[in-house]
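As you go down the protein sequences, you meet chains F and B in turn.
Just so you know, we're using our numbering here: the first sequence kicks off at 1 and counts up by one.
Just so you know, we're using our numbering here: the second sequence kicks off at 1 and counts up by one.
There may be inaccurate statements among the hints.
[Unchecked claim] Reference excerpt, derived from the structure (chain F facing chain B, CB under 7 Å, subset only): (1) ASP8; (2) GLU134; (3) ASP138; (4) GLU143; (5) GLY144; (6) ASP197.
Honestly, the hints are just simulated from the structure, not real lab data.
Positions of the beta carbon are idealized from the N, C-alpha and C atoms, including for glycine.
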Amino acid sequence: MKKGLTVDKVDLAFGGVGALCGVGLELKEPQILGVIGPNGAGKTCLINCISGFYRPQKGHIFWQGQEITKMPPHKIAQIGIARTFQNIALYHGLSVLDNLMAARHVLMKQNMFTDAIFFGWARREEIEHRRRVEEIIDFLEIEGIRKKIVGSLPYGQRKRVDLGRALALEPKILLLDEPMAGMNVDEKEDIARFIIDVFEFLKIPIILVEHDMGVVMDICDRLIVLEFGNKIAEGNPEEIKSNPKVIAAYLGAGEER
Amino acid sequence: MTVADTIPKLLLENDKKYGNKKIAMRKKEFGIWNEYSWKNCYERVKYFCLGLVSLGFGKGDKAAIIGDNDPQWFWGEWAAQAAGGVAVGLFVDSILSEVEYILKHCEAKFVIAKDQEQVDKILKLKDCLPQLLKVIYWESKGLWKYEESLILSWDKVEKLGRKYEETHPGVFEEMIHTVKPDDIAFITYTSGTTGLPKGAVHSHKTAILCSQNQLKLYPWYSNDDYLSYLSPAWIGEQCLGMVAGLKVAAVVNFPEEPETVTENIKEIGPRFLLFNPRMWENMASTVRAKMLDAGLIQKFFYHLCLPVGYKAINFQIEGTKTPILWKLLCKIADFVVFRCLRDRLGLSRLRFGITGGGPLSPDCFRFFRAIGVPLVQEFGLSELLPVTGHPKGFDLDSIGHVAPGAEIKIGDNNEILIRGEGLFLGYYKNPEETERACAGGWFHTGDAGNFDGQGRLIYWDRVKDLVELSSGVKFPPQHIEGKLKFSPYIKDCMAMGGKERAYVAAIIAIDFEVCGRWAEGHSLPYTTIIDLSQKDQICELIKKEINAVNRTLPEAQQVKKFVNLYKEFDPDEAELTRTRKLRRSFMEERYKGLVEALYSDQGEYAIEAPFVYRDGRTGVVKTVMKVNSV
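Could you put together the complete structure from these sequences and hints?
Structure follows, in structure tokens:
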């Protein structure tokens with residue numbers, strides 16, 4: 001069986017507009033892969049393709065040797081591909097705790113009726129899931145907002161809960177879509193630390209789409225650069241920094257660190 | 001009462017007496033309150049202590065502890081003391097230079113740190129701490145990948161301890177019995193409102209005496225729930241939570257995280273609380289802010305009943321008998337509103353809520369008393385605790401009667417001089433300072449005050465902090481600040497005057513959260529605190545608050561001009577001490593130009609101020625602040 005994630009020459013177009021043109025990537029061992037590029041380069045489209053929200057017209061995506069190109073998103077979530085959303089997808093009327101518990105729904109084996117009786121297996125399962133959720137709450141240091149309604153939380157904390165929701169799926173690979181968008185320096189540092197902690201603790205591959213070059217260069221092992229749906233470069237942060245194509249396309253000629 | 005004369009012996013006794021039958025501590029983890037019996041505690045201390053010994057910790061050695069309040073903080077200290085060593089507490093949010101100074105000064109051999117954040121601090125300093133043997137952490141998150149021979153997990157130390165016991169059975173009990181009452185138990189570094197921190201040394205004997213007197217002042221009983229929130233690096237928590245808790249075998253509860261403390265209070269319903277004035281003030285302004293958002297019915301009853309509470313406590317303050325009508329009204333108000341309010345705050349079972357570590361504004365005090373919270377004040381020092389308190393009845397002008405075990409005399413310049421059986425041994429490695437502070441057998445507090453006719457001590461201010469105006473009138477800045485801070489919109493402030501200055505002026509730090517909510521409620525758009533604080537509407541709002549305070553002050557002491565600072569006061573920038581006391585002279589120096597603008601006709605003042613992130617990087621803020629007249 002092939003290991004890891006393989007994206008093979010994926011094409012995605014909306015009407016006549018090409019969003020991705022033959023983009024490919026390989027992610028075999030656990031590492032943090034950064035995806036960067038200017039606005040509209042197709043970064044989020046790539047994540048959406050992998051997580052099944054978009055269906056590419058051409059090309060194939062494999063996870064652990066299994067083709068997932070045409071799988072529906074909930075199936076993809078079940079096989080361990082978890083993601084966060086750029087504009088946060090949580091239940092706004094539920095508490096943080098309930099949001100995280102809801103995320104574990106795909107892992108629960110009991111049905112509505114046994115849960116209603118809440119005895120024996122159903123009870124044990126619920127407790128086990130709650131234990132895991134509490135570990136995630138501890139991990140992300142959101143104890144203080146455990147029982148708060150998500151809709152009442154500030155943006156930075158919602159982003160953190162969104163990450164918690166992805167972790168609650170027991171991911172085997174994590175796709176993070178701009179987890180630091182719209183945050184201040186302190187909040188960014190916090191999230192960067194959590195991403196590194198997640199990586200070190202779970203030892204899973206992470207794909208990180210991010211605009212903040214400082215963060216990306218700091219925490220990613222490898223980077224791919226997109227521009228107008230094309231992959232224009234791939235390599236470690238050092239190589240990317242000195243790649244003339246990248247400098248021209250994104251970093252602006254000769255000014256980035 | 002027990003006869004154990006050292007802290008480890010107290011622990012040993014509690015283990016023998018209660019063992020597994022009684023809970024000693026509770027800590028909320030993963031959303032569940034975990035309980036530790038006295039036997040659990042004793043064993044954790046025992047093996048941790050033996051682990052320390054096997055790593056080279058010996059008699060007289062110092063172990064510094066830094067972290068949030070957790071059972072491990074307490075166990076770590078007891079373990080160090082059981083081995084004949086000394087515990088040195090550090091505040092969690094201490095910056096690098098403070099940590100460095102204290103660790104160097106006390107020559108700590110071991111540092112017991114909570115988590116990655118604290119461990120990182122120590123590791124940054126390791127090159128200038130040659131005597132440091134190990135850094136032990138009790139929360140491993142984020143530390144898995146550290147390849148550093150200096151650090152070690154708490155569990156590993158306990159394992160080492162178990163191994164050590166196999167080869168040295170009974171050594172722990174032996175060690176406990178060789179610790180003498182006159183051995184040093186802990187050093188608390190004073191917050192340093194005056195220059196570099198000084199380490200006040202307490203022996204087992206003085207610590208136990210202080211706690212005993214504390215228990216005489218505000219009695220506790222076995223099984224009383226206590227919530228440990230303030231850092232044990234501070235003498236108050238040392239004597240209350242740690243030693244007095246051991247002495248009466250109370251249940252010490254630890255909040256899940258510092259941020260969750262208000263929820264945790266609700267869950268525990270403590271019998272006993274020790275908070276600093278800021279916490280109480282926060283609680284009071286939270287109630288007020290929440291009432292602004294409350295429904296009409298709640299608002300109606302709240303505003304109907306609160307004046308009843310105030311009226312009733314006025315009788316108590318004046319010392320007259322409460323008329324039966326008011327007693328009855330008060331009972332009704334209590335039933336309708338106050339009972340529920342106390343329950344919401346988690347204070348319904350409270351026997352004593354102590355405020356210590358600084359002055360609490362009288363308004364805040366009155367508020368809690370009015371809603372039936374038994375809030376009492378205590379005046380104590382790192383050098384001697386307690387000095388005064390209000391065990392029975394209360395008043396707002398004084399800081400209370402002389403506490404058991406303490407003696408007070410008023411010296412030159414109205415300075416308060418104290419002595420007592422629990423008085424500290426001296427400042428660590430600073431004989432000159434000790435000599436000066438304890439000249440003539442009395443400890444010179446540097447605080448000014450006097451006794452009133454009924455033997456109550458009235459606190460003025462620091463001797464050097466009473467401020468004179470050009471008219472010759474003296475005013476107490478802290479008192480005015482306390483009154484101002486009771487406004488929900490004002491988070492911090494500094495009142496100023498001086499011999500060349502004709503009136504009192506104030507620098508205000510608005511409460512960003514509350515003012516922000518107010519702005520939202522009044523459709524006022526804003527971006528940051530820099531922007532919000534200078535809005536005309538906010539200046540008007542603050543002016544109204546100041547006017548209300550001015551009405552309660554004599555004409556000569558009223559605040560005439562103020563400015564809303566573009567940020568909140570920050571201990572990281574040394575504007576406040578770690579116990580959040582204002583560092584006045586530093587502030588006056590730092591905002592020199594701004595202060596001058598307050599005493600001129602300038603309508604606004606442009607500032608360009610450097611600021612420092614917690615990791616040491618710096619930045620610059622440029623903004624214009626409005627100078628407002630009242």
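Identify whether the interface hint at F/ASP197 stands, where standing means a beta carbon of chain B within less than 7 Å of its own. Holds. Min distance 5 Å.
Can you verify the interface hint for F/GLU143: is its Cβ closer than 7 Å to any Cβ in chain B? With Cβ-Cβ at 5 Å, under 7 Å, it holds.
The hint names F/GLU134 as touching chain B; please verify it with the least Cβ-Cβ distance against 7 Å. With a minimum Cβ separation of about 4 Å from chain B (threshold 7 Å), the hint on F/GLU134 holds.
With chain B as the partner, please determine if F/GLY144 meets the hint condition of a C-beta pair closer than 7 Å. 4 Å, holds
A closest beta-carbon separation below 7 Å is what the hint needs, so does F/ASP138 meet it against chain B? Holds, because the Cβ-Cβ distance from F/ASP138 to chain B comes to roughly 6 Å (cut-off 7 Å).
Quick check on the hint: F/ASP8 CB to chain B CB, less than 7 Å? Hint on F/ASP8: violated, closest Cβ of chain B at ~33 Å, above 7 Å.
The earlier numbered hint that this structure contradicts is number 1, and it is the only one.
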